[in-house]
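Peer 1: Spelled out from the first residue to the last, the chains are:
Protein chains: 2
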Amino acid sequence: MDPLSRAAAAAADAADPLADYRDRFAHEDDKIYLDGNSLGRLPVATRERLAAMAAEWGERLVGGWPDWIDAPLRTGDLIAGLIGAAPGEVVVCDSTTVNLFKLVEAALDARGGGALVTDRGNFPTDRYVLEGIAARRGLELRLFDGEPEAATLPCGSGDVVVLSLVGYRTGALADLAALQAAARDRGATLIWDLSHAAGAVPVDLRGAGAELAVGCTYKYLNAGPGAPAYLYVAGELQQTLRSPIWGWFGQREQFAMERDYDPEPDVRRFLAGTPPILGLAAVEEGVRLTAQAGVAALHAKAIELTELIVALHDEWLAPLGFELASPRDFARRGSHISLLHPLAWQITRALIERADVIPDFRGPDSVRLGVAPLYTRHVDVWDALDRLRGLVERGEPETVDATPGRVT
Amino acid sequence: MDPLSRAAAAAADAADPLADYRDRFAHEDDKIYLDGNSLGRLPVATRERLAAMAAEWGERLVGGWPDWIDAPLRTGDLIAGLIGAAPGEVVVCDSTTVNLFKLVEAALDARGGGALVTDRGNFPTDRYVLEGIAARRGLELRLFDGEPEAATLPCGSGDVVVLSLVGYRTGALADLAALQAAARDRGATLIWDLSHAAGAVPVDLRGAGAELAVGCTYKYLNAGPGAPAYLYVAGELQQTLRSPIWGWFGQREQFAMERDYDPEPDVRRFLAGTPPILGLAAVEEGVRLTAQAGVAALHAKAIELTELIVALHDEWLAPLGFELASPRDFARRGSHISLLHPLAWQITRALIERADVIPDFRGPDSVRLGVAPLYTRHVDVWDALDRLRGLVERGEPETVDATPGRVT
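Chains X and F supply the protein sequences, listed in that same order. Here the working numbering is used: the first residue of the first sequence is 89, the next is one more, and so on. Here the working numbering is used: the first residue of the second sequence is 89, the next is one more, and so on.
No lab work stands behind these hints, which were simulated from the structure alone. Computed from a predicted model, the values in this text were never measured in an experiment. Glycine included, C-beta positions come from ideal geometry on N, C-alpha and C. Keep in mind that the hints are not guaranteed to be accurate.
Unchecked claim - Quick look at which bits of chain F chain X covers, simulated, 3 or more residues with Cβ under 8 Å:
no., stretch
1, 118-127
2, 143-151
3, 176-186
4, 311-317
5, 366-372
6, 423-430
7, 445-455
As the list claims (entries may be wrong) - Restricting the straight-line Cα-Cα distance to at most 16 Å, the calculated cross-link-like pairs of lysine to aspartate or glutamate (EDC-like) are:
no., chain 1, residue 1, chain 2, residue 2
8, X, K119, X, D471
9, X, K119, F, D474
10, X, K119, X, D417
11, X, K119, X, D444
12, F, K119, X, E147
13, F, K119, F, D474
Construct the complete structure from the given sequences, taking the supplied hints into account.
Peer 2: Have a look at this one:
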């Protein structure tokens, strides 16, 4: 059988040990969704859980709080299992942006301030958080070009470095252990953004000696638009770091209200306001599905699917002017593939509007194809790329309105 | 008819123009819920809207974002109508704690730092936020005793003052206009916490010349446990204040990602991370109900209900050792009443466990009875206080486990 045939893709799906997970997500239409790296699909269990949580609010009212109050830590423990953290090292709270702000400020407060360092290609909100802190504290913001590499990581003693484990544009997977060791050797504090990595690739924070991390839950963890994010603080650091935002959910014995601030001795000291209970329930369901499938199995399938994209690109798309922007070595990438084309914006629009394929556009010239092994099939990849080549061969992108618009 | 009879209460309910709103909330049991000032009830419309939003996530996937992205401002505009703000002056985002942190830091950045001032009895998270900022910036934290009064507000030029419009313990309503004028005259920046006020009492931020405010949505606005909070920045200040947390949802032309940070020219510059879309939908439904009923009508009924509590207290409870901790003048209080009793903790437990009445305990000696005019009836107040006096007359509180526990 031709390995690039649709029959081969269908055969791979038939042999897929994760195939049953597809039915655990809502599929309201037959669109091919290759943007789970931006917003994951709705798990059926989450739909049911949200209804149950609304009922629980209605029935238990404030009496629900004794159970709800542990949700940030309980859900964090589930995430910990996906990223190589220990129980008690992760809490779910706030947004990735706010959590990154908290950890950068905490590191600077505890260790003094050198430069703030990240790659110019890091996700915008990460750069903005650092730019803001640098401006307000009068610190140097050091942006470097290219992918982060241990040998050349431009940091020294007292610096705070923020790196995404999987880059949002190319899907490049950084070397967690080597970069962590490089930062440590140079006396810098390294904070990982796991948004595009958690649930997609194996992550071993403790094995790498990672100290701090943040991440979002609405991509591969399928927790819904704007779902609460998480943060990780290695156990041995929890007593020495403090959140810059002192809030009542970080307070020890929270309901003895007449005292000065005295933060929890553990990771809960990084909580601030009242936890979003419905959002946390959605995180719990999404993470549970990922944990049941297992990151190793998900990663193995992600490799198969992204390898198929690369092979079909080489065979069908490269001759049409596409260029692979993601690492060719599967060991060096996450679960999405970026293809460059001068008409990337129009191609994205044409795929969505005429071909029922949902990719993602990232300016100026990148079409992003994300695979979510819980629900993306080999035939989805084959069909999407077949429609893509057909569109381009027929010159359809040239007929699409080139006015840039909003694509998330 | 005896004005303190149950028949009089039933007659008042029969004449209540808001009576129909009660059926727009879920009532899964016949408990008398007097803690809507801690966590409001579930609106039926919210239950339906949450299911619809989950379906919308499942169907539209990332294609939903063009509509969802405006939710923080759109929902903020609804809240603006309840608090005397103009459209474009309120956004819904983050928690009250995080929003307060943002506004205090923004004010200090823009105007220089004097002392941070609040009353010792202010809500704990407000005090903690100020305590943290004072500690990190080396500023004085000035806590004053008693309720805030314009004549004695202890602030001067460059100070940042945080006051709750309605105090969480006694329900005392501060004089918004007088305090705002006092702060302005002394050169201080005043930030209002409207958590216990919005939806319960008329609030005219613009009329008072208020500059900054925050508030939560899960009390009288019935948006659910840990629902997103809001912040208000007067239009004329929006260009001069910046959030300390620079995030991608505060960025002008957010999806042109390759630029330096350039904040939105309006209140959206105080957004940080990705907005919680399901939470925002619940806020929208809760606020819409409040807006439909109208704050004036809600306040008029709150006065009736709290006057009934005060009258029944005087008649039945004062002889049993209770003391009214809330202002006797209805013009000086919000929508909850605090009663002091040495056995307040045991009384609270007995009411919940034996009488199907849900009040709230605030240490060390306060039973809080909140009325939510959208769903609290006069007979609910009468029945609750009747059961309360019966319990105490029979000596039941003395038989309850006095071990303090968690009550939210």
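Peer 1: All hints are to be evaluated individually against the structure, with a verdict given for each.
Peer 2: Hint by hint, here is what the structure shows:
no. : hint              : in the structure
1   : 118-127           : holds (count 5)
2   : 143-151           : holds (count 7)
3   : 176-186           : holds (count 5)
4   : 311-317           : holds (count 6)
5   : 366-372           : holds (count 4)
6   : 423-430           : violated (count 0)
7   : 445-455           : holds (count 5)
8   : K119(X) x D471(X) : holds (11 Å)
9   : K119(X) x D474(F) : violated (61 Å)
10  : K119(X) x D417(X) : violated (29 Å)
11  : K119(X) x D444(X) : holds (5 Å)
12  : K119(F) x E147(X) : holds (10 Å)
13  : K119(F) x D474(F) : holds (14 Å)
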